[in-house]
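Participant: Input sequences plus hints: build the corresponding full structure.
Listed in order, the protein sequences are those of chains A and B.
Using my numbering, the final residue of the first sequence is 285, and nothing's skipped along the way.
Using my numbering, the final residue of the second sequence is 204, and nothing's skipped along the way.
No lab work stands behind these hints, which were simulated from the structure alone.
Heads up, none of these hints are tricks.
Below, simulated EDC-like cross-link-like pairs (lysine to aspartate or glutamate); rule was C-alpha separation at most 16 Å, straight line: (1) A:K88 x B:E193; (2) A:K199 x A:D122; (3) A:K94 x B:E7; (4) A:K94 x A:E108; (5) A:K267 x B:E141.
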Amino acid sequence: MNKLVIIIAMKIKNEDDLDNYIICHKCFTLHKIIPIKDGYMASCNECGAMLYRYDTKLVDKSLALSISGLIFFILANFFPIVKIEILGHDQFITISKTIFTLIDSGFYIVGILCMFLIFIFPLMILIIDIILFTLLKLRRSKKFTKTLLVLLAHILPWSMPDIFLISILVALVKLIGYVQIDMGMAFYALIIFVLIDIYIVKKVKISELWILRENMILKRSKN
Amino acid sequence: MIDVEENRLIPCPICNAVNIDRGNKNICRRCGSAIYQHKNFITEKSWAYLITAIIAYIPANLYPMLITNKFGTHQSSTILGGVVHLWENGSYPIAMVIFFASIVVPLLKFFILFYLLISVKYPFGKDKKVDKHKLYYITEVIGPWSMIDVFVVAILTALIHLSNISIVAGTAATAFAISVFFTLLSAHAFDETLIRENIKDSK
Ligand SMILES: [Zn+2]
Ligand SMILES: [Zn+2]
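Facilitator: Given below as structure tokens:
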């Protein structure tokens with residue numbers, strides 16, 4: 063595809079006018095933000111990635127989802143994920159047992175890394191999201207929401223509960239035929255938690271949250 | 002009124018806000034993060050992480066990943082050995098998942114980052130045809146999946162530890178985890194705005 067690269071000198075009143083523009087996170091094309099209808103989204107005409115959307119219910123929806131996410135995350139941590147029977151012995155794993163077995167057997171680096179990737183970061187994201195969406199809903203705290211959003215952007219790439227879930231399935235397929243496997247309640251809780259996590263982490267983009275913050279908090283303080 | 006050229010606009014890596022590129026050091030006008038420090042410094046950090054990751058990947062493949070103790074006999078297998086074993090036993094899908102996650106993904110990420118890091122400094126002739134942003138995006142998406150094998154080892158170790166039969170993690174697990182960790186660091190330290198800078202230079 064031939065693309066004409068035209069360097070346009072644009073005129074802007076001040077730097078804040080740059081808020082009317084967005085750069086595609088996938089292909090780096092510059093777009094001007096145009097108003098769209100409620101419930102619709104704008105996508106990049108170069109690569110098709112979602113740029114932003116206008117959804118008045120996004121804050122309520124995300125807040126409800128983060129709270130349910132936290133509930134399922136707690137359930138997933140308190141109950142056994144899988145139970146197996148091997149040589150007449152019952153064995154089970156929980157998320158914490160998976161981490162502490164590694165640390166107990168001397169694998170400190172792997173153990174601590176796993177603790178962050180599958181426990182601390184996913185939990186932090188849920189808590190940050192709950193506080194953030196509550197503050198957005200209350201239209202408060204310009205400064206703290208900024209801190210939370212920056213922190214969130216740093217943690218997001220390091221949260222891997224979805225990959226852990228797939229790993230459980232891989233591990234179990236390896237054991238099929240040798241042992242009898244029973245899925246525990248936490249396994250189903252973990253599936254629901256991962257689905258919620260995928261929605262609030264992967265579907266809701268950081269740039270959207272900044273736009274929300276602007277609309278909900280900054281514009282109000284001007285009035 | 003300010004006049005600004007479109008190709009001087011860069012996104013903040015943290016909050017995506019559009020900023021005007023002012024050269025050596027930019028502070029995002031919205032979130033206050035440093036967008037772009039000294040050009041050389043940024044690639045050097047990314048190089049250092051990448052090289053550490055590649056070095057750690059060598060013992061990750063030579064040492065055993067998983068040690069199975071069965072009634073007094075020890076059996077250890079490396080990453081590749083484990084894949085071959087699964088394949089021979091007919092577990093094709095799992096063999097392919099592990100092969101993809103532990104061998105294809107890390108190597109692909111090494112090559113892409115290596116290429117990107119070289120090409121932002123020394124653009125080759127046909128360079129413009131390669132969509133570097135897409136390449137970087139691929140590394141971001143597939144990167145974390147290389148943790149699968151480490152998690153699998155962790156799960157099996159926690160699940161099977163009887164006196165007669167036990168599964169223990171091997172040295173490779175630590176080496177592999179370090180390798181994945183540094184590859185992720187390298188990818189995040191890589192400054193995507195350098196790709197843009199380069200297109201501008203080559204005109
Ligand atoms: Zn795009
Ligand atoms: Zn920013």
